[in-house]
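Engineer: Residue numbers for the sequence shown follow UniProt numbering, beginning at 1 and rising by one.
Calculated directly from the structure, the hints in this document are not laboratory data. A virtual CB, placed ideally from N, CA and C, is assigned to each residue, including glycine. Please note that the accuracy of each hint is not assured.
Said to hold, decoys possible - In silico BS3-like cross-links for lysine-lysine, where the CA-CA straight-line distance does not exceed 25 Å:
id	residue 1	residue 2
1	K171	K129
2	K357	K309
3	K129	K357
Said to hold, decoys possible - Listed next, with one range per pair, are the computed distances between beta-carbon atoms:
id	residue 1	residue 2	range
4	L106	K61	15 to 21 Å
5	A405	E191	37 to 43 Å
6	Y184	R155	19 to 25 Å
7	R382	P69	34 to 40 Å
8	S177	T579	24 to 30 Å
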Amino acid sequence: MSKITTELLLERAVPRSTRLRKIETLNLSKLQLKTGDLDPRLFSRLRHLQKLDLSDNLLDKFPNSLTLPDLRVLNCNNNKLEDVTALKQFPLLEELTYENNVYLTLNDDYKVMFLLQNLRLLNGKDITKLAKHVRRVNSRKLTSKVTAHWEKFFRDQLPEKYTAEQVNSIKKKFLKSVQTNVVYGPSALSEFTRWRVKMIAEEFLAYSLGLEVNSDPEPEEKMDENEEEEESTESPREAAKDKGQVVYIYDILVRVTARKRKRNHSKTRSRKKRSKTQVTTKEEAEDVSAEPLHFLQCHSKGNSREDFKTQLWSCVFEPLLDSGARKDPIVNSSRTVATCGGESVCLIDCETGTVLKKYKVTAEEFFSVAWTTLTMVISDSRKKSHNILAAAGRRGIVKLIHVAADFCYGEIKAHKKPIATVCFSPTQETHLFTASYDKRIALWDIGIPDCDYNFKASQLLVLEVLSTPLRIALVPTCPDQYLLAGCEGGCFAWNIKLDKEQKRRPFEATFQFPDEDGSMTTLHRVDGLAFLNDDVVVSKSSKPGCIYLWSWSRSFDTKGKGCQRTIPAVILAELEWSTTNMSYLTLSTCPAKDYVFCGDEKGSVWMYNLSSYTTAWSSAKGKRSPLQEKRIPPAQILQWPELRANGEQVTEVLVNNVVSDPTFTYLVVLTSVNITAIWKKS
């Protein structure tokens, strides 16, 4: 018979209680309790218990289902505990002591620091900083090592079609190999490292690679073991038969696994057909395959699974630190992307779909993010390069985040109204431009933080705008002299050279474009702006169904005199796009591959391969070529897949932004329904 009864619990409550559900503090010390005495059915009635003392007993472990949802303080001193992993069932635990449990080691300390996200005190010591390092830095390092081990030694061992025996065999070999060969940290923590490596490796196989039996040509779709069963009555495979590929949203993170990608790709080759998520092509001769990799719902307000309203606005790929960075965009490519929307900024590994970091600011709505690489002085006066992320939005404040240290070290109160977009100078690493709804574009020197993160920011320049600036771009051939901005009321250029004394400057030129009647006008909204190469500008205006490509050098005479000139843009071509009147669906370019991308109001991504046109434009010397006589159609259109959440299809998807990495390996799509879609080019 158990030593613990309802009467005992009421008597040992502090203060004594008449009902179990009212107990907040409970002292069960010195009762010679063993693990079997902790009855989960009885403990499940302690719904409001916050402090529990189990010291000086004979416990060797915890039952897995004690169900104490509000437990904050736990004392397990002087027991015989052999394992701490069951403590993860107490996610709100803030203070934990288990001294004088002779079988517990430093490895167990690290395990509880990882498992209990709210833990502040362990055995009387403040472990906040160390726990943060264990949960984030340590996990990131180990994840990188596990991924690299798979890529180097095991990725090519798995055939395109595999049996259950092959899957189990490679899984067993990989888990054994990765635990043996992945080493990190001091030897005293080797047990913890093996424990985390196994956990990361299993998650990597289950979620990122979707390893699953493929024993026949048309295998039945199955859910991953860790996913809950969907409420919908039709299976993914049945839905796919009728509707094309259907992606189900099970949780905050949504993934299309490699298994599905391989099978869809082989079907495309064998049947010459495309599923609804495959590329549709207007030029059949150019069959470039891009496949859905992950669908992530990581910007939810309050981490709600039901949030399909948060708008996602901006994303930019992180520069690599060891590449000689700024001169070669190809070498400077990475697979980590920063995204923003709502009150959060996320860092995502595009290959695995892992959300590496997440930063939240209550009451903020982030509109833009930008990277720079600062050479900072660290200990012993040594210098080291670090990537810094700037994030800004509705509050008009720029947050500066040292990503490697996982630390927001400062902020700049840049504007009194929302900031629409930010960008760093490609030549001056501390120079940051902020464009605001206060009709100003400001240039800041953010300074370089010292080893204590002290820094000094200063405003260098203010550009006066006639209407709200929406997009800004520095001219590639002279990024320290000219800046272009797409605004609510047109497209403008400023001289930003700092050798001038004038700190507040009006625009130097405004550009005219054809309107719907064919006449030239400066009064139009420009909500998309980017350079395709050193000379070709891509801009999207309010004229329905049209994106312009025009020449900077042929339109703007840098030797011209006078301010606030009106200049006709020398149009090179028009891109055929959606006829929607919807605004703020912005565009981007991949200069190294001569690609332009733009999303539409139906969730689709329009992709334009302009490599055959750029040569003609550079040799045309201002003359209109035959290639410019008609609108250029997209090379491909990626259609939005059918997503289901809670059994219902996710519809009315706007693509607010779409960005590729410099090598055009990954394509990140930001939507109006709080979903980040990641595609990968085959």
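Engineer: All hints, please: hold or fail.
Structural biologist: Going down the list of hints, with the structure as the test:
no. : hint                      : verdict
1   : K171 <-> K129             : violated (35 Å)
2   : K357 <-> K309             : holds (22 Å)
3   : K129 <-> K357             : holds (16 Å)
4   : L106 <-> K61: 15 to 21 Å  : holds (19 Å)
5   : A405 <-> E191: 37 to 43 Å : violated (27 Å)
6   : Y184 <-> R155: 19 to 25 Å : holds (21 Å)
7   : R382 <-> P69: 34 to 40 Å  : violated (48 Å)
8   : S177 <-> T579: 24 to 30 Å : violated (55 Å)
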